[in-house]
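Note that the protein sequences, when read in sequence, are chains A and B. With my numbering applied, the first sequence covers 1 to 517. With my numbering applied, the second sequence covers 1 to 366.
In short, the hints are calculated from the structure, not lab data. There may be inaccurate statements among the hints.
Listed below are the simulated PhoX-like cross-link pairs for lysine-lysine, each with C-alpha atoms no more than 25 Å apart in a straight line [to be verified]:
id, chain 1, residue 1, chain 2, residue 2
1, B, 169, B, 330
2, B, 244, A, 398
3, B, 146, B, 164
4, A, 284, A, 266
5, B, 199, B, 244
6, A, 284, B, 244
7, B, 146, A, 266
8, A, 398, A, 266
9, B, 164, B, 330
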Amino acid sequence: MRRRIGIDVGGTNTDAVLLEGEGVLQAVKTPTTADVLTGVKQALRGVAPAIGAAGVQGVMIGTTHFVNAVVQRRDLARVGALRIGLPAAATLPPLCDWPEDLAAIVRGQVHMVEGGHDFDGRPIMPLDERAIAAAAREMRAAGIACVAVASIFSPLDPAMEIRAAEIIRQEMPEAAITLSHELGRIGLLERENVALLNAALAPLAAHTVRAFAQALEEAGIDAPLYITQNDGTVMRADHAARFPVLSFASGPTNSMRGAAFLTGAKDALVVDVGGTTSDIGALKAGFPREANAVVQVGGVRTNFRMPDLLSIGLGGGSHVEPGADGRIAIGPRSVGFRLPELARVFGGAQLTTSDVAVRLGMLALGEADRVAGLEEGFARAVFAEAARMLEDATDRMKTEAGAVPLLAVGGGAFLVPDTLPGISQVLRPEHAAVANAVGAAIAQVSGEADQVFQGMTRAEALREAERIARARATEAGAEPESLVLVDVEDLPIAYLPGGALRVRARVVGEIAAPAES
Amino acid sequence: MRELQMHEIEALAVGAWVLGTGGGGSPYLGLLNMRRLYAEGHRVSLMPPEDLDDDDLVAVVSNMGAPLVGQERLTDSRNIARAVTLMEEHLGRPFRAIMSVEIGGNNGIQPLMAAAHLGRPVVDADAMGRAYPEAQMTSFAVADLKPYPLSLVDPRGIEGIVAKVPSWKWMERLSRRMCVEVGSIAATCKAPRTGAEVKAWGIPHTTTQAIALGESIRRAQREHRDPVQAILDAEDGRLIFRGKVADISRRTTEGFLRGTARLDGLDDWRGHGFDLAFQNEWAVGWLDGAPRVMTPDLICVLDSVTGEAIGTETLRYGQRVTVIALRAPKVFLSPRGLDFVGPRAFGYDLDFVSVFDAAAAGGNAP
Chain A
1 MRRRIGIDVG
11 GTNTDAVLLE
21 GEGVLQAVKT
31 PTTADVLTGV
41 KQALRGVAPA
51 IGAAGVQGVM
61 IGTTHFVNAV
71 VQRRDLARVG
81 ALRIGLPAAA
91 TLPPLCDWPE
101 DLAAIVRGQV
111 HMVEGGHDFD
121 GRPIMPLDER
131 AIAAAAREMR
141 AAGIACVAVA
151 SIFSPLDPAM
161 EIRAAEIIRQ
171 EMPEAAITLS
181 HELGRIGLLE
191 RENVALLNAA
201 LAPLAAHTVR
211 AFAQALEEAG
221 IDAPLYITQN
231 DGTVMRADHA
241 ARFPVLSFAS
251 GPTNSMRGAA
261 FLTGAKDALV
271 VDVGGTTSDI
281 GALKAGFPRE
291 ANAVVQVGGV
301 RTNFRMPDLL
311 SIGLGGGSHV
321 EPGADGRIAI
331 GPRSVGFRLP
341 ELARVFGGAQ
351 LTTSDVAVRL
361 GMLALGEADR
371 VAGLEEGFAR
381 AVFAEAARML
391 EDATDRMKTE
401 AGAVPLLAVG
411 GGAFLVPDTL
421 PGISQVLRPE
431 HAAVANAVGA
441 AIAQVSGEAD
451 QVFQGMTRAE
461 ALREAERIAR
471 ARATEAGAEP
481 ESLVLVDVED
491 LPIAYLPGGA
501 LRVRARVVGE
511 IAAPAES
Chain B
1 MRELQMHEIE
11 ALAVGAWVLG
21 TGGGGSPYLG
31 LLNMRRLYAE
41 GHRVSLMPPE
51 DLDDDDLVAV
61 VSNMGAPLVG
71 QERLTDSRNI
81 ARAVTLMEEH
91 LGRPFRAIMS
101 VEIGGNNGIQ
111 PLMAAAHLGR
121 PVVDADAMGR
131 AYPEAQMTSF
141 AVADLKPYPL
151 SLVDPRGIEG
161 IVAKVPSWKW
171 MERLSRRMCV
181 EVGSIAATCK
191 APRTGAEVKA
201 WGIPHTTTQA
211 IALGESIRRA
221 QREHRDPVQA
231 ILDAEDGRLI
241 FRGKVADISR
251 RTTEGFLRGT
261 ARLDGLDDWR
271 GHGFDLAFQN
281 EWAVGWLDGA
291 PRVMTPDLIC
301 VLDSVTGEAI
311 GTETLRYGQR
321 VTVIALRAPK
331 VFLSPRGLDF
341 VGPRAFGYDL
351 DFVSVFDAAA
361 AGGNAP
């Protein structure tokens, strides 16, 4: 039986689960510690005794550590930015659209050199190798150790970025170099921003992944370590140490995938009701539907694929106020994590959705006597309003006319009624409190291609995109035979001749057995 | 003539995207250039077309090419300025002011970049009042004004002039071919216009209109009012349909993005369907199979919640959208104007009926 450990390192709690086949053998919740490592060790100690002699196949860790570093502007390295593409794009240099506070931390040096490609594969200019070497020497002299390289149309032809890395490595052999084509898609500024963020996180990522590995070792667990990423799949730890940005949205992704696993639903809506908001996402074939737009991370525009989430101001700590026209208003203000001091059932002054739930006997929290005076009719009207908000939000996230199941997770899930229009059934999974860790434990390995193809038939372009995606998945640690094409789309492009076609393909497969060492 | 404030240029970018009627490319890169130019101390003045002397010479600029290429090559504000000075060298005469060929999309910002570099005012007018895919779909072409010369600039130092052509269609063919050769993106200065021509045939006050549009959207968002209603109020627009994207198909033919989108009705339109056809921009919309709105009326597809415009390249399955119509510039409502930009110019065998005509106005809901 395949056993796996999934760990979710959240802002508040570090959760761990031991999974055997389809079942949860053990689940632990411990507080997240400032050094992260201690919390992970505690969580591992909680599940370790249940492992047994056969050991585990892998340990999968989901963490918001890296995205939080960007949002909170801490533990970030100074980066040397190298843009290849002059004379094009000169007036919009690297970091030109960053918030100034973050740019001031990350901007080490900015270099722009001649090179780059046109959409049809011709070079814009020959690569200026001497300028790259000179830039590398200047960066080394300034003590910069992290470099981000972005070349125009590198998703079509990465050769110039790869050559630039070789030249930089000659001058600065120890540098952590991020190449934009390894992470981003079409859209130079957004792809370059992703590479810059990744380079800024390189030292923290190396340190954190080392700490995770050390925690495993100290807990006596001999199994390969994986880190979960935005799309609900995992990458090997050494890969994660190089590409920390790929873990940015793993929190909501793991929560949705965990809920799907715990209920067996593959196509469903998921609502995660927290203290302040309800986040609604859609699962398709067990994976979150992805947003198509530009995504801001810490104020920086990126072109990541992130789960498509709709957030509404409805949570367990939401303020409840009688509205002006006799209607009830819930949220968006919330007492948040101060619920245990500000809510009525705890002697506070603020009426929250949790107080109303206690009044109706749907929740045991604080002292019920303190809300006994609430009129039952009013309390029922509050729940009707919450149901109306959820009906509207779930309907917004639906992409088909028929009724779909809704998976309700999170501490405020009591606000979700058992029936909603357009919802076939409301499912409340067991172990919902550790859905994130479960989502991590079940993760598979993926590979993706997103580029423009020319001079090929559509069928040829689709095949080539799939081939690239499969090669990338295998490189990321997938068992090649297990890979399945889960998503492929093509988009014709306006104003380009020769039937240019942008194709995106994604494959997913099982984690390859570790090589015998 | 007055100096534009940076917050007005921010609003212009929002409004120009709405007037792009689905195309024209995002104004974001142009806006980034303007932020930098203003931070460096450059300023741009906006000049009412009425202030032009009849024999003033006006540069008509546009960034030409594939928006996708623009996302990689970005926008360098100096290129569009060079297209203007290259034309001055060709003509041997200086320009009094600069205007855009189309206010819709990224080209709504292009003349401001040239103006900032060259210290010349921007004329508060354009030749489309929106975005259209081809060079002959302008008020100047409807007026049968001279279609040449044209200057074209690439950042590598490639500079070209189309000195003379017999028609606007020829200008489109030749300049498009040059543009593709330099990588499917180029800064261009179109056939220069006299002050008299701009006053007679330019579509006046469209920069001011785009700024006002952008400001009303931003204000409504700040005050948590319905931004779509704010647009309708500001522009005397018509609410056409509210729904959810049920299907979208796209294909490229002859370099244009063509396709259709199907919307399922919501709110007052529940149970009704709406079909939209596009060629880079939205062209025709059918309510339950009957033509409801068509070019040259401006068809804008907006995010139902934020009021921000959605492009034909970015519309996707499941989005909640509101379709509205804004008034077409008068010049396109003449029989000759309709030959250039009416439904038949896009291959739809329909007689143009404006949603703003009394007979067709009807109610908002079906």
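Here is what the structure says about each hint:
1. B:169 to B:330: Satisfied, since the Cα-Cα distance of roughly 22 Å is no more than 25 Å.
2. B:244 to A:398: holds (10 Å)
3. B:146 to B:164: The hint holds at about 9 Å.
4. A:284 to A:266: holds (6 Å)
5. B:199 to B:244: violated (42 Å)
6. A:284 to B:244: holds (19 Å)
7. B:146 to A:266: violated (62 Å)
8. A:398 to A:266: With a Cα-Cα distance of about 14 Å, the restraint between residue 398 of chain A and residue 266 of chain A holds, given a limit of 25 Å.
9. B:164 to B:330: violated (29 Å)
Going through the hint list in order, the structure does not satisfy hints 5, 7, 9.
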